[in-house]
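*Asks:* Starting from two chains that each stand alone, build the complex the way the hints lay out.
Given next are the chains, with one letter for each unit.
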Amino acid sequence: MLFNSFEFAIFLPIVFLLYWFVFDYAMRKCKRQLLWQNLFVVVASYIFYGWWDWRFLILIAITTLLSFLSGIGIEYAPTQRGKKAVMIANIIVNLGILGIYKYYDFFATQFARLFGIESDFLLLHLILPVGISFYTFQALSYSIDVYRKQIQPTHDIVAFTAFLSFFPQLVAGPIERATNLLPQFQKKRSFDYATAVDGMRQILWGLFKKIVVADNCATYVDTVFADISNQSGSTLLLAAILFTFQIYGDFSGYSDIAIGTAKLFGIKLMRNFNVPYFSRDIAEFWRRWHISLTTWFRDYVYIPLGGSRPNIPETIRLKGDKALEARYTKWIAVRNTFVIFLLSGFWHGANWTFVLWGAYHALLFVPLLLLNKNRRYRDTVAIVTLPDGTIKTKLLPSLKEAGQMLLTFVLAVFGWIIFRSENISDIGLYLSGICDMHGLLMLPIKKKLLLRCICFIIIMLGIEWGNRLQEHGLVLKGKGIFKYKWIRILIYYLLIISMLEFSTHQHSFIYFQF
Amino acid sequence: MKRFILQILVWIGIPICLLIGLYVALDPYRIVFPYSISYFIEKPLSKTNREYLSIKLFEDNLQRRSYDSFIIGSSRTGAFNSYQWKKYLEVDNNPYIFTSWRENIQGIYQKIMYLDNANVDINNVLLLFDCGEQYTFNISNGEAPLTNHYYKLSNQTVLGYQIDYFKAFISKPSKLHTYIQNAKQKNKVLTFDTITNDSHLCNDTITVCPKSNMLINRTDWEIRTPEQMLPNLINNDMEVMLSEIYQVLKKHNTNYKIIICPNYFRWKISDNDFLILTNIFGEQNLFNYSGDHPIASEKYYYNDIEHFNSSVAWRIIEDIYGQYNIQE
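Chains A and B, in that order, give the protein sequences.
Residue 23 in our numbering sits at position 23 of the first sequence; the count goes up by one each step and never skips.
Here our numbering runs 1000 ahead of the position in the second sequence, where the first position is 1.
Here chain B stands alone, though its shape is the one from the complex (with noise of 0.2 Å):
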């Protein structure tokens, strides 16, 4: 027994002793030591997780800045400049954007849930669903972890956190190399607003990725497939969870809007999902751009085929507080 045991703990266990060491040594994903928001301004780096940054950023300023107006949604986010929405708010709302890679309900409803434990005033709200099998309606862990929620608002543990971040350092080896240049600080990718939480990434507006991985450069476009209607999405705990923010925002007498977002698959939110929406947000609070929509028609529209441009989301402002009309 003891030369089994032994054997186990040479064998596998110092690997793994060797594997944490160097996860800890490299901190690929910067959550073991505590990080300045000013370090991820100064040295940008691809493998954060989007919502932990949000979050961070927004407990820092919190004091200082008295946030009441919000966007909460997905990368998708990082169209909207909050600067350009303030103008439709009242002069003192103080907006911040929310985001969060691959942002799903679950996440969408801990941040209103947070924002509301922390007494924060919530006055004015976009909140932005994605049209698609894999996005808004699906609660799986779709990318992790990148696109695990932040323990804070999860209710996670800070130990099951962790672990989630060890198993995907460790579930792709070929990665590693990636990892090391991330520790060296040599993908820069990621910019933010320090402020408003406002993303510079990849957006026809502020480019930090190489141009060549936008579509706009590109001739290879992706085949854009008709109108598609998707199947219904929303279940019971998703419904349930709707239900709450609702009770939420309406405690906060908060001024919100829901946005379904455009996509370059014109994929069409289902009939009764969108009837779901429509019962539970009301359908002046409600707006629908799924599917072969005209203020997302063109391909040029889309920075790539996961994000329309910020003359998308522009628009789409206009759109809802009264100044555009869209051409049919």
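Chain A with its partners taken away, still in its complex shape (with noise of 0.2 Å):
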């Protein structure tokens, strides 16, 4: 079921009903109150995911059920070496699943290229399951997490299931850790009037993000990129820059939905997107983007590796040199870097393409970590801290930001490039096309609907500038003339209105295929 589907806009008023009426208020004198109203997520969630294909549901259960087991086989055993050992079963058993539903017939098909044998035998032609990569890394920071003693396994099936099933963010993330959803699932949740006031904001939000911006720019984009060879550079150009802004809006508004959706059940989710944008650098661009992700390969894969901190080893520690030492730290480091944005990339999907967007993008970070700069801009672009501690935002950048920013911009724009193409000649196919000066010249294809898409992402940019503290760009109240409510109503319509009157064919967010 998508989000921006009619299904989906029958199927949350019924489920939000029940859940509260049904399983919250016409229970509360029921001891089991909270066991049945997980339940009710459980099946709700699963109804959800089974609408696209109910067969996968049994890998969901799979996932599911040995990550439970896990939790308390971890537990269970006597010595810290049983743990790891049931720790690792863990994870080898359901990256196996991962492997085999995403990446057996690619490497299959590299195999048999190297050794020149048919590869057609090879292959299993397998269905990826939607948001596969999404619920088992998930399942994997459970057990690591309980492993690492940051969370208590759970011994509650139904909580357990409702936080890997989740449906809200089952498809696509946020990858949410168990030290922050499950607890919630283990305690009594209340309505607050607020909360679900803020989330239907944030669902709009994200609905106008992939319906108006992001499926807009994907009809130009999946023109040009589907015959590359006959569009000018210019077409290029735009097209790229079109499809920067339809990851952007596709991803996050499908973030923006699951967040809002998820207040609306009293769950608080991690925010996944932070107007990345609006970036000064790459390595704060990868603060901002696919925060879940991100900060999961950082906590799983980087620090364990030894992060930008290493153990120096005894035979370069008893040596005394310090600065032999800071070398062999920034090795390590470097090394980690490139480990995790090659990772990143390939959890993408199985693809050399994916690989290589996570190389550029390690090459253009490692820079930034030489020269101790990756840490420079934690704060939000353009802001004033007041005498009293309050923080402000200015209207405009200056003109320093304003550079810093565009060349970000570029930057994550030629890595879409090679993001978005089929294969690796396509990319050179793609970036020889941008470079041919004359067709950089030529006026571009389909000038309406590239207009219609340049004033979308204008309204998108300028919301979300104006919001950029905020957690969503429809967070008007007290603001200037938003203080008037009718204001606030009348723009929340337009935005309705515009989702209708812009809408294309459906599309499906893009992010499912991973």
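Worth flagging that the hints you see were computed from the coordinates, not collected in a lab.
C-beta: ideal position from N, C-alpha, C; glycine also.
A hint or two may mislead.
[Unchecked claim] Stretch-level coverage of chain A by chain B, calculated; a stretch enters the list once three of its residues show a Cβ under 8 Å from a Cβ in chain B:
(1) 185–197
(2) 498–504
[Stated by the list, open to error] A few chain B positions that, by computed beta-carbon distances, are all more than 12 Å from chain A:
(3) Lys1002
(4) Ile1012
(5) Val1032
(6) Ser1075
(7) Leu1089
(8) Asp1164
(9) Phe1166
(10) Phe1265
(11) Ile1276
(12) Phe1281
(13) Glu1298
(14) Asp1304
(15) Tyr1321
*Replies:* Take a look at the structure:
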């Protein structure tokens, strides 16, 4: 079921009403109210997922059961070694399932190519289950956190199943941590009017970004990428820029809808995007883009590998050479950076283009790391701190900030060309097309659609710029003319009308395929 | 909670109710209330689902007319004239044209099954297959609701059918003006024969739409590309449908012809798809005019980029029944 579908528009109110009126209010005196409510969440989530293909519910159920049992196994294993063995076994099985469905055919093809053999008989041609990468990573984080004693293993399988299959974030994240989400299913939720209203606004904003911005850009981008060799340089360049906003509108739109929907059920999900295109360097970009995945790799891969402060081996430490130790530390940090970026790229799909995309970003990140500038910008761009400690946003960035943002954006655009291309040769074709000066001066195709997309992007960026310190774009209350309720309502209706008017054929979310 | 529900009802519920009220009052697609065929003849509309009209007229006339010969296809059936076709049929055959906007293989299949289930004799059939990735061999619902299949044929529920139309109504607020114009019967585009369902839509016999819309009156001709082969479009599901169509035609001992229509952009059916059709229907029943075919080689044979004119249809009929020699 897609968030931007009619089915979901029917499904959500029904689930919402049953959740609060039947499984909360009507059962308030029931001792097992929480259990029933969680069970209802599980049923609703399985219906939501099964709407796409019920057969793959079995995979989610297997992942859930294995991870649940691994938590208990870690708890009861008598030795540390045993606990580790249980955790590793759970990781291997879960990654094994993911590997078979997502990567097997890719590796089989590469293997066949390497040895010059026919690959057809090696391939499984399995359908990739929607969201498998997301819920697998969420399941892994649970058993690792239990092993690290960051969370107590749960014995409540219903709460655990609800944690792993909670429908708003089941198919495309945010990839939640058990430390944040599981406790919320273990205690009674209460309805909060302000949170629910904010959730509705966030859903509206997410839908706008998806339906109006991303889907319209998709129409242009798909046309261009389907026929790269026959497009002018200007068209290729503009399509790359449009894809940059398409993927942002699509994925951050999904995240906003997911977070907003969760708020309606009294659940707080982690933030997944924080205005990434207002970043001043690529390190800041990665602190603001797909936060749940970036932090997942940081916590479960980068830091265990030593991060940027690895343990110095005895052989080096004994030499007492500080410069050598510093060089060693840098080398490990660079290696680890490459590891997580390459893994992050490969997580997106079984294609060399994703690996190359990861490597490209690693290459952009490493200079900052080596110059110790990767943590330069931890605040938001163009803000001032008043003497009383409150933070206010400036209307415009400084010239330096604008230049930094533009440069980061351009670097991101080139990354997205790699990401969007079907194969490596398409990347070359695309970039050579853009570099053709004659083609750059030609008029782009589909000018009307292009103009429309640019207008939508400007509206989206304008609203997000004004709200860059807020959780989402529609936190309008109490600001300037927005203090008037009727103005806010008018804006909400304008967004709804624009969604109706400018909706294209229903597009699935890009990240569903990952 | 009460406050939240109340707010939702006020700010979302009331506008939806108003929209539903407006939709029912305007009934822009003429499907909410029952209308007689004479209504559609007196007040032709542009926003009518042509398949709905085809089925309605057929059901109204079936008892009196005993139809037994059918042309089934998209708006390109509009170029065909059932009275001309009748010259090649038995004297007592009664032709009828099932027209649907952007008819696809699913719609053709549903109509054949519908006729079979209704115990209608199927003596002669012309099936029109359109070439192109968005045409006969594409089951997506391109331009809902005008291309939606009638619920009686598609086994959709009445509610689902009505909801689809309502969704289309609210999907383009800027078209509200058109709907209101329609309600006032300002847009007269479609007329049709009340016996055979021959369309009179922008064709060169009876023109009710502005002549400026027709290519023949325009100077800005769309560029005609050279012949290009289409990718394989017939998938397994479609192959099953085609086979079942054949089984029904065989059961009725039907004299059938499959026409792969010419098209303005010279798209040619792929060899593989053509082979599938040949294997199912037999080479002698298959007439391929796709690609750069001399029967519609000139751009003047087209009323617009979607539709060839009746002279082409006439030559196709003659070619099929052996009286027209295509000059190479």
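*Asks:* Are the hints correct? Go through all of them and say.
*Replies:* These are the hints, each one checked on the structure:
1. 185–197: Since 4 is at least three, the answer is holds.
2. 498–504: Our answer is that it holds, as 3 residues pass the Cβ test (under 8 Å) against chain B, meeting three.
3. Lys1002: 9 Å, violated
4. Ile1012: 9 Å, violated
5. Val1032: With a cut-off of 12 Å, B/Val1032 remains clear of chain A, as the shortest Cβ separation is near 19 Å.
6. Ser1075: 20 Å, holds
7. Leu1089: Answer for B/Leu1089: holds, closest chain A Cβ roughly 41 Å.
8. Asp1164: 9 Å, violated
9. Phe1166: Violated, since 10 Å does not exceed 12 Å.
10. Phe1265: 15 Å, holds
11. Ile1276: 22 Å, holds
12. Phe1281: Label holds. Min Cβ-Cβ 30 Å, cutoff 12 Å.
13. Glu1298: Per Cβ check, B/Glu1298 is outside 12 Å of chain A; nearest 27 Å; holds.
14. Asp1304: Correct as stated: the minimum Cβ-Cβ distance to chain A is 20 Å, above 12 Å.
15. Tyr1321: 41 Å, holds
Checked against the numbered hints above, the structure violates hints 3, 4, 8, 9; every other hint is satisfied.
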